[in-house]
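UniProt numbering numbers the first residue of the sequence shown as 1 and each following residue consecutively.
Hints are supplied without guarantee of correctness; some may be wrong.
What the hints assert, rightly or not - Computed list of lysine to any residue pairs in SDA-like fashion (alpha-carbon distance at most 25 angstroms, straight line):
no.	residue 1	residue 2
1	K273	T301
2	K186	T40
3	K180	P255
4	K273	P255
5	K186	N377
6	K186	E198
7	K273	D286
8	K180	D249
9	K273	S225
10	K273	S262
In case anyone wonders, no lab produced these hints; they're calculated from the structure.
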Amino acid sequence: MSLRTAGSIAQSALTATQTAITVTSANTANVSTDGYTKKTANQTAVTVNGQASGVSVSSVTRDVDQYLLRQVVSSTSANSQASTLSSYMASVDSAYGTVSGSTSIADVIDSVTSDLSTLASGNGTDTDKASTVTALETMASTISEASSTVQGLRAEADGDIASDVDSANTAITTIASLNKQIVAAKAAGQSTADLEDERDTQLKTLSSYLGVSYSVDDTGAMQVSTSSGQVLVGSTAHALSYTAAASVDAGTTYPTGFSALSVDGTDITGSVKSGAIGALITLRDDTLVDQQTRLDNLASTLISTVNTVSNQGTSYPAATSLTGTATVSASDSLSGTGTLRLVAVDSGDDAAAVLDVDLSGVSTVQDLLDTINASGNFTASITSDGHLTIAAADSSDGIAVNEMDSSVGTGKEGASLYFGLNDVLTGTGASDIAVNSSLAADSSLLPTGTLSDSSSLAVGDSAITSGDVSTVTALEDAFTGTQSFSSAGGLAKATTTLSGYASTIISSAATAASTASTKADTASSTLDDATTALSSQSGVSLDEETAMVSTLEQAYQAAAKIMSTLQEMFTATIEMVN
């Protein structure tokens, strides 16, 4: 072997060792870099005409277990889904309070029950009326605030979907861009290891937003699709499309109120089940809708129960006028039977005028107005916003009503309830439940007793009495007694108290939050295990790299020594020739 050939071999050894040292140094420097995998400089013997002529670094590669990588990708999606669900359910649980708390939706109902008991036992004092109305307002506001929180969470989830879609699109376009770089580098015989690391990091980021499947072809390009098969990265990027709703309330639903999550015009909303976006869609369209339905079931039952009782009573002292809460028009059909009693009450609580209206003789609301006004003792009209209002013709007298045996409309409601003349609560559900504004402004309007239903009631007879708490007692019985609740939002139909149903809503939410938290912990642990396994297999070990540096230094020194010796031999040869 000539000295020139030996020198060439030694030089190649130095070059290859330098490359290996560079790779090892990069490994050491990136030991804590997220997503970085150990790189290896692969050396190949060089032969010329069958003779060894040196060594070269044929490639710089990474060793990544694809099965473990898929586990990490899948676990990332599951972890994001579980943690998102847990976070939102914790907020729902907090909004309801605890069963044993002092301001939970169950506790505020119990507070009303307690104040009604005090009002009944105290013979209806003004102070106790005011306290009861305040308790009713607190109850209504607590329930409506819980509803507002639920709808706020739905709006937040919708906004988070839009935000996450933007982040997912960044990952999608980055993967597509890295594909081009990897394909080009591979075709040129260059290392793609670092680019593949970056692409894997983007893949894991994308999987945190929605479940994905992927594959890598012979050119090195990665194809990515949703779990249901919708292509996200092919030869080009296929971005997700979503626009958040301008506003969200209980009536906002998918697909009419929320836009579709789509790819290339294809709606994939229903097929995205995992990742943060999958969790947010489930929360917005199912989980939180169920919570709202439960609250609505509670609120509507409260409204119906309370108003059914309150409209059988009357306030003391008698109100100067009664205005209903139901929206009607004069031309509305009024299919009714039985009798509605109106009494003008003088300052001594005696009847100044009595009118028993036979509802079978009226066919429209206008007929009822005409009958009342024709009496000369009462006035009736429809307000500009469509509510029946009744008063005594003599402004010095108050007005009281008794539903008697009246039955109106398809629901066969008493006439006072039908028009809402003595409603305590207004609204149709949890989002708008409230205390009647007239009652909120004047607690003396709280129906506490009952107008006389005596068939012989005449002018001058006692109409109402200050100590009558029959309606209050009936209200207390309604709160302490059981009510029938239909199935709603995943809760089975039940027969329980009003506060008992509220407690069921609370405990169910608490259980769901606890379950979601446990699942989130499990998903996080699974991801940690998968990440650790992948890191152990493909990550950088400082001990291994330190040992490798030592080995490479020795190899470099040996090659350098050979070069030095060859140089001395070249010098000696030249001197001999000269």
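So, going through the hints one by one against the coordinates:
no., hint, result
1, K273 with T301, "violated (34 angstroms)"
2, K186 with T40, "holds (16 angstroms)"
3, K180 with P255, "violated (37 angstroms)"
4, K273 with P255, "holds (16 angstroms)"
5, K186 with N377, "violated (99 angstroms)"
6, K186 with E198, "holds (15 angstroms)"
7, K273 with D286, "holds (12 angstroms)"
8, K180 with D249, "violated (45 angstroms)"
9, K273 with S225, "holds (14 angstroms)"
10, K273 with S262, "holds (14 angstroms)"
Checked against the numbered hints above, the structure violates hints 1, 3, 5, 8; every other hint is satisfied.
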